[in-house]
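Q: Listed below are the residues making up each chain.
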Amino acid sequence: MSIIFFMIGVSLMMALGFLGAFFWSMRTGQQDDLYTPSIRMLLEDDAPDTAEPQSHAK
Amino acid sequence: MNVSINQPAADAASSLVKPGKVSIGQQPPGGETLVERFAYDNKIVRDFAVASIIWGIIGMLVGVIAATQLFAPAANLGNQYTTFGRIRPLHTNAVIFAFVGNAIFMGVYYSLQRLCKTRMFSDVLSKIHFWGWQLIILSAVATLPLGLTSSKEYAELEWPIDIAITLIWVVFGINMFGTIVKRRERHLYVAIWFYIATFVTVAVLHIVNSMEMPVSFLKSYSMYAGVQDALVQWWYGHNAVAFFLTTPYLGMMYYFLPKMANRPVYSYRLSILHFWALIFLYIWAGPHHLLYSSLPDWAQSLGTVFSIMLIAPSWGGMINGLLTLRGAWDKVREDTLLKFMVVGLTAYGMATLEGPLLSLKNVNAIAHFTDWIVAHVHVGALGWNGFLTFAMLYWLIPRIYRTPLYSKKLLNFHFWIGTLGILFYAIPMYISGFTQGMMWKEFTDASVLKYPTFLETTLQILPMHMMRALGGTLYLLGAILMGYNLFKTMAAGKLVANEEAEAYALPVSYKPTGSETYWHRWLERKPFQFLIASLVVILIGSLIELIPTFMVKSNVPTIASVQPYTALEVQGRDLFIREGCVSCHSQLVRPFRSETERYGEYSKAGEFVYDHPFLWGSKRTGPDLHREGGKYPDSWHYHHMNDPTSMSPGSVMPAYPWLITQQLDISNTSAKLRALNKIGVPYDDLAIAQANEDLTKQATDVSGRLAKEGINVKPDREIVALIAYLQRLGTDIKKMETAQK
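From first to last, the protein sequence lines stand for chains P and D. Residue numbers for the first sequence follow the working numbering, beginning at 1 and rising by one. Residue numbers for the second sequence follow the working numbering, beginning at 1001 and rising by one.
Just so you know, the hints here were simulated from the structure itself, not pulled from any lab data. Accuracy of the hints is not assured; some may be wrong.
[Said to hold, decoys possible] Which chain D residues stay away from chain P? Per the calculated CB distances, all over 10 Å, these:
#: 1; residue: S1122
#: 2; residue: L1138
#: 3; residue: L1462
#: 4; residue: K1735
[What the hints assert, rightly or not] What follows is a set of in silico ranges between Cβ atoms, one per label pair, in the way DEER data are often shown:
#: 5; chain 1: P; residue 1: L12; chain 2: D; residue 2: L1360; range: 20 to 28 Å
#: 6; chain 1: D; residue 1: V1181; chain 2: P; residue 2: F23; range: 16 to 24 Å
#: 7; chain 1: D; residue 1: L1138; chain 2: P; residue 2: F23; range: 39 to 47 Å
Given the structure is predicted, the values throughout are model-derived calculations rather than measurements. Don't be surprised by glycine CBs; every beta carbon is placed ideally from N, CA and C.
The shape of chain P in the complex, shown without the other chains (with noise of 0.2 Å):
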């Protein structure tokens, strides 16, 4: 049952990308904000008004 360990082996290869991914996510602040984003992507499909693109300064 020699491929039982390369099966293993695949599969903990990509539960640690994953868990890279996690850290990558984690320390980038991607989950730094839990609630925002899910009331954001509700908001993404205004149109844009005519009006020229301009600089906008905050």
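Given chain P, put chain D in place with the hints provided.
A: What follows is chain D alone, placed relative to chain P:
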């Protein structure tokens, strides 16, 4: 442009961020940003949508035809290209990879652009992806009815198509990651995480499971044998369900459901949590497809344990979806799209509770190989994938065509006929599966099988199969009405091929502080490097695991008397594969008294060491064949293949008269043995060189035996090879018993 609807939450969020960092989604203080204008590509979304509708109807129609053949074999039109064994994989491939596949790409291409606030990375790649995928589907339509199949479920396509799938998948990946890189919204909404997991995992699964040794342009043998092949196949098969039918749909649910209900997902936190839990648990659950097989027990238990744990993250998704509608159930009453979503989510919840229960050994003992499993997957497929796809299509098409839906009445009708279709499909199949599973196991007081003839158990469930076909027809009718409704909608409106949008340019990253600076930023700004780095890690790990696997001799317990198939038997086995016999006949006797009484000695791992691919099957519409060898005379098989009802009155097996008339193609016998030799089957050079001489000799013997029983058939006919294979099945260990006596 940035959201500050909920001030307290936004404050709470920003207070979590260290000073000097800027929370995702906020403009950096004092930074100057530019509003950029761009256009979303709606044309590619439309193309995938149309493809999904058309392939969906075709795939479901093939499903109805296949279902009808199970009670009326004449529905195969007496044609070898449309028998159940050949169109069953056509049905599964069409609905999974064509209907659902195109729907995934439609949903991803629509939502990813909007979530990332950017057009897709490359229009050219989008086009290559679309046409490449359709060509792959067409090649499946062309090859599967011809019997060109690897026989591995949901991975039936032959090796050149496997390579094409890999290439197109990579195109999809580049296009997706390219879009993510050039996004204007730093936060990756949870849906995108589901899409990323889908891409990565499907790539790995497909490549590992499709390792095969080509014989010719359209014939190959799985690199793995027997138990090992079974394990790889079901690791793939289960995760195909997980990462092709589940994760992309959860991602799309998290985008489209809030949009449809116009309210945020119930808990964003829960969505993130269940995402990570789901992907970490799913990859280990595959062995639950092989309970009571000759797979080592610990691997079976591992599969069961992880399957049970999967209830939590699966229900996390369902609950999160349903609770998104909390306080808005009045909308569900009004809005048919939400009805589709609610039924879809409920079906997902039912299927993901049932799945873990089915992976308990005592439940599996009854359910495995029966219609129960067919019911289970169709609750998921028709309810979850189908209904979510319908809802997305009904929502998307009017939007990108800037016109109201052609007919709300038809939409409503579709919902009800679709729901009825699911019920008419699932309920009879549950009854049928449970009935047959119990009948197989029932003993009389005298301790003999109550239903020793397998056919009795098949005939018992025929009414259920008729109702199932009716359910499928209702569901198909709904899909056809949807097609009509949506094409009318498209005709009434005009496609906004390029939808104008605007967004702020992404500010130049946040400022990392202290020790986190370098690597952090490198990874943050360069997801490509991150992807490549993870792939390198995966490759190194795989090679380290792979090299010993192929260098060290297999440690499956071998059985001295188990020998490789003869040249004629190899050809016969390939006919068995070509005709898709494995769709209805398992080759795995489980260690239950009810099975050893009915079929004979239970199957041992060592008996399958030369089986490239394994042919254990997953469904017994007919009896198991692992101990078929020597059970009946050659003439029985001849008559049975020519007309099954002549030997088993009432049988629903189709007739295979063409096997008797067609000449066996022996031009590739040596090539086949050579390919098998390369992957570990011990044929020596002489056996390979003289393959056809050996084949002809054995064929003449079989033909001679048939002649003695009054049947005249030339030794070069296909039936001879098939009989030789069937008579060999499972007999090798009997030789050992004879030798011991």
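Q: Of the hints stated earlier, which fail here?
A: none
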